[in-house]
Structures are given as structure tokens and as C-alpha cells.
Amino acid sequence: MSNELSVKHLLGIKYLKESDIQLIFETADHFKEVINRSIKKVPSLRDITIANIFFENSTRTKLSFELAEKRLSADVINFSASQSSVKKGETLIDTVSNILSMKVDMVVMRHPNPGAGIFLSKHVEASIINAGDGAHEHPTQALLDSYSIREKLGGVSGKNVVIVGDILHSRVALSNIFALKLQGANVKVCGPKTLIPKHIESLGVEVETNLKKALNWCDVANMLRIQNERLDISYFPTTREYTQQFGVNKKLLNELDKEIVIMHPGPINRGVEITSDVADSKQSIILDQVENGVAIRMAVIYLLASKIKQ
Amino acid sequence: MGQKVLLSSKEINIILHRLACQLLENHLDFKDTVLIGIQPRGTFVAQRLVKILREEYKVKEVKAGFLDITFYRDDFRRGDKPLEATQTKIDFIIEDKNVVLIDDVLYTGRSINAALTAIQSFGRPKDVELLTLIDRRFSRHLPIQPNYRGRQVDAINNEKVRVMWKENDGKDEIYLIDR
Chain V
1 MSNELSVKHL
11 LGIKYLKESD
21 IQLIFETADH
31 FKEVINRSIK
41 KVPSLRDITI
51 ANIFFENSTR
61 TKLSFELAEK
71 RLSADVINFS
81 ASQSSVKKGE
91 TLIDTVSNIL
101 SMKVDMVVMR
111 HPNPGAGIFL
121 SKHVEASIIN
131 AGDGAHEHPT
141 QALLDSYSIR
151 EKLGGVSGKN
161 VVIVGDILHS
171 RVALSNIFAL
181 KLQGANVKVC
191 GPKTLIPKHI
201 ESLGVEVETN
211 LKKALNWCDV
221 ANMLRIQNER
231 LDISYFPTTR
241 EYTQQFGVNK
251 KLLNELDKEI
261 VIMHPGPINR
271 GVEITSDVAD
281 SKQSIILDQV
291 ENGVAIRMAV
301 IYLLASKIKQ
Chain U
1 MGQKVLLSSK
11 EINIILHRLA
21 CQLLENHLDF
31 KDTVLIGIQP
41 RGTFVAQRLV
51 KILREEYKVK
61 EVKAGFLDIT
71 FYRDDFRRGD
81 KPLEATQTKI
91 DFIIEDKNVV
101 LIDDVLYTGR
111 SINAALTAIQ
121 SFGRPKDVEL
131 LTLIDRRFSR
141 HLPIQPNYRG
151 RQVDAINNEK
161 VRVMWKENDG
171 KDEIYLIDR
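Keeping their order, the protein sequence lines are chains V and U. For the first sequence, UniProt numbering gives the first residue as 1, with consecutive numbering after it. For the second sequence, UniProt numbering gives the first residue as 1, with consecutive numbering after it.
Since the hints were made in silico from the structure, they are not lab data. Beta carbons are placed, not taken as given, at the ideal position from N, Cα and C, and that holds for glycine. Mixed in with the good hints, there may be bad ones.
[Claimed, not checked] Have a look at the derived ranges for each label pair, beta carbon to beta carbon:
hint, chain 1, residue 1, chain 2, residue 2, range
1, U, Gln145, V, Glu26, 48 to 58 Å
2, V, Ser276, U, Lys58, 51 to 61 Å
3, V, Arg37, U, Arg162, 30 to 40 Å
[As the list claims (entries may be wrong)] SDA-like, lysine to any residue: derived pairs with alpha carbons at most 20 Å apart:
hint, chain 1, residue 1, chain 2, residue 2
4, V, Lys40, U, Ile93
5, V, Lys40, U, Gly123
6, U, Lys81, V, Lys40
7, U, Lys81, V, Lys198
[Claimed, not checked] Under 10 Å between C-beta atoms, here's a sample of chain U residues computed to sit facing chain V:
hint, residue
8, Arg18
9, Gln22
10, Asn26
11, Gly65
12, Asp68
13, Thr70
14, Tyr72
15, Asp74
16, Arg77
17, Leu83
18, Thr86
19, Gln87
20, Ile90
21, Ala118
22, Phe122
23, Lys126
Next up, chain V with everything else stripped away, as it sits in the complex (with noise of 0.2 Å):
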């Protein structure tokens, strides 16, 4: 296998090549050992310098990023366009430009376009961390999901997986198909028919509209958050409604025959998607989930690091 990724970008799942998710994978178990030793810091990223910019609001993925950085020894930049002159009508690329004049390498963005990664990476020389756009993919978060699944079920080949909640406006659903799909593992989606995308067995899912067939089949099953935020108009009646019909809790997990893992990418709407008593339970790995993101995030940023050449 090839100990050097084939891109430059980490722009979405959809650009990588199996062999390159299995790299960070490796990498991020030598990373998951630093971090969990007394002195969680390398000192491999000393000369680099990293620019998180978020054009949206985010609390884990932020800290996520921004300690995996510091583990690594890198210098890190914040931005976030709350507080700059994207609000006196600046456009993405003079922002970016502006923060890249200041000797930045690495870029970690944030924003609510889908695309817009992709727009900057064409325009500038750093290397470009998608770090979620708009509902287009979450590629770092999709990797922490598949490595969470390995190291539960010892792989994500052959393996049964759900996807439950709004598709449609999801990036962490997308990216997680496309991981999901090119590690061999079996997926399906399940929501309300108004929140699962027209066409999206394209991508090589079933979509299933009945939550208790779905965990009845599956190994995982990954709970997405209702993006209340993002609905503009009313998909389904009411939330309890919603709860009802795609919320898991103890009472349906222990009528399944089997155990099976459940995940949730965060923040958690606690009694909407999941009880508080399923998200704390065994089954649970929200909190493994939170970890492994400090891994591959240190990972993916040593392994595109190491392409930037002095």
C-alpha cells in the first residue's frame, strides 16, 4: 500500500481512493496511541502554519480540528466570519487570499455553500481541509464515523448500515455513503420519504421508510440530528410526530434480537433522534465517535502536511 495519499485536498469522500481512507486509518492508530499517552504532543507540524476558517457556526469539529493541530505542533490561525469583513461584503477568495499572505500552508474550512472548497481549491496553493459544506459532504467526519465502525466491529466490509434521520440535508449522510460504499459496506437510509433525496439509490443505497425493519437488518445504525436550522419548510407534522416514528429508544432496541452499535455524529437533540438512556448506553459510541475525530483529523492534516515539500 501507498504511505503517501493521491490528493492534495481533502475536499470530499467522493475524491479519494479506497487505499487512501485505509492510510489515514493506519495513520490515526499510530496518532490514537499519541494522544493517549502523558504527553499528548508531536512536534512533526513545527514549521507548519494552519488557518481554520468557519463560515458557520461550529462547536466540535472547531475544537476537533484545532486540537488536532496543536498535537501535531502546528501554529494555528481562527477565523470565523462572525467577527470579520466577510460582513462588509468581502469575497470568500480576497478572505482567503488575505489569510494565505500571512504564510499559511493549511486551510480548514467551514461553509455553508456546497462547493466552496472545491471553488477555493482552485484558486489558491494551500491545501484545503473540507471541513463541511452546506450539505454537500463532511469528509473528516465520515472518516471518524468508518474508523468508529472498525474499531467496534473490527472492519466496515460486508457490514450492515443505516443512516436514519434528514437525509436530504446531510452532509455527514453523503459522506458517509460514499465511505461507507467504497470500504464494501452495505447501507440504507431511513426517514421520512420528504427528508430522503429523490434518486439517491444512484448511489448504491436502499432506502427503507419503516425505522424497525431498518435496525432489524442492520450492524450500525448512525442517528442523524434533525437540522431544524436548515428546514425552511415543514417536512413532516411535528417533531413528536417525527420522534415517533424515526426515534430510537431502549423499549425498540431491546426487542431486536440482536445488539447493535448505534452512532450519532453530534449534536445530539436528546428524545428527538435518540433518549438520553440510548445515548448513554453500551451500545453507544457517540463518545469513542468524539475521540477517533482528534485521531483522523491528526491523521488526514500530518498525511496532506507531508505533501507540502520545503
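Since the structure of chain V is provided, determine the placement of chain U on it from the hints.
Just chain U, lined up with the frame of chain V:
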């Protein structure tokens, strides 16, 4: 590309025994001493020494671990090939211990420099010594010298020392290769 045999299997074995004896003289029962093989190839030397100490000199317990120094190297992004990490396995406390770093070939000293930084991520050792099977003197970039050396070699810059191990390469032999 020519090559000549620097050390045969028998000679390697004699040297390893001598090094084990030198370690014994200084560390007696190894109660406060840990051996750390530097990945990838220093681990072979460390494992052989542990075997000799346990089986032939009846040292009850010798703590040994592997240290990967990839993330601590100062040539990250300078080489043609990306650096590939290997496994670190240190499941004991380093704090206040006598640490013996072990590698197969000491050349520029940069790997040992990285290892000295890396080992501090596991605690503050009481002291650190260096054991190397082959010491390529006159090639150092940093002021680093071994406390225990197997064989000193004068190799010019385009020559390479290649250490082969039975476990990995099918035989024990050390070559000087002219590139």
C-alpha cells in the same frame, strides 16, 4: 553496486553477548532499567539482548519496549518519500528509570536526537544511555556518542551499512554496500 560482509552471524552473536555483559555490569538486576528499541530495526537488537539476558544470564525481569520516532524526526517533508510510522509499545513507566536506547546503526545522530525527544513523552528518565550495534564514526551531524558500541565502522558517505536479521531477512549478517 558492490557489497562486502562486515560481520558474519557468528561475529554478531559474539558482539551481542559482549554488549549484554556490558549492560549487566552497569545495570545488575535491571530493576530500575528499561531497554527501548528504536523502530524499526533497533527492536531486533533489543529483542536479542533481552533473550540473552533472560536465557543465558538468568536476569529475571528485563523490561523492553519499542519506540517509534517518525513524528519526532526533523526531516519531515524533506525527503522524497513520506515517512511511515511504525508501532510504539511501551507499557511501563519511564519516570526515574535508567533508559537504554538501542539502535542497529548510529550514523548522523538525528534518529537518536528524535528518540531523546520522543522518550520524554513517556516521562522524565533518570538517565539515558545509548547502545548501538554499528557505530559509523566520522558521520555525525550532532554531538551524540554511544555508551555501548558493537563495532566501529569507517564508511564513506556513499556507502551504506545494511543489517540483516534472521527474523526478518532470513539470516544474520551485516554488509557494507557501495551505492
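Broken hints, by number
1, 6, 7, 8, 9, 10, 11, 23
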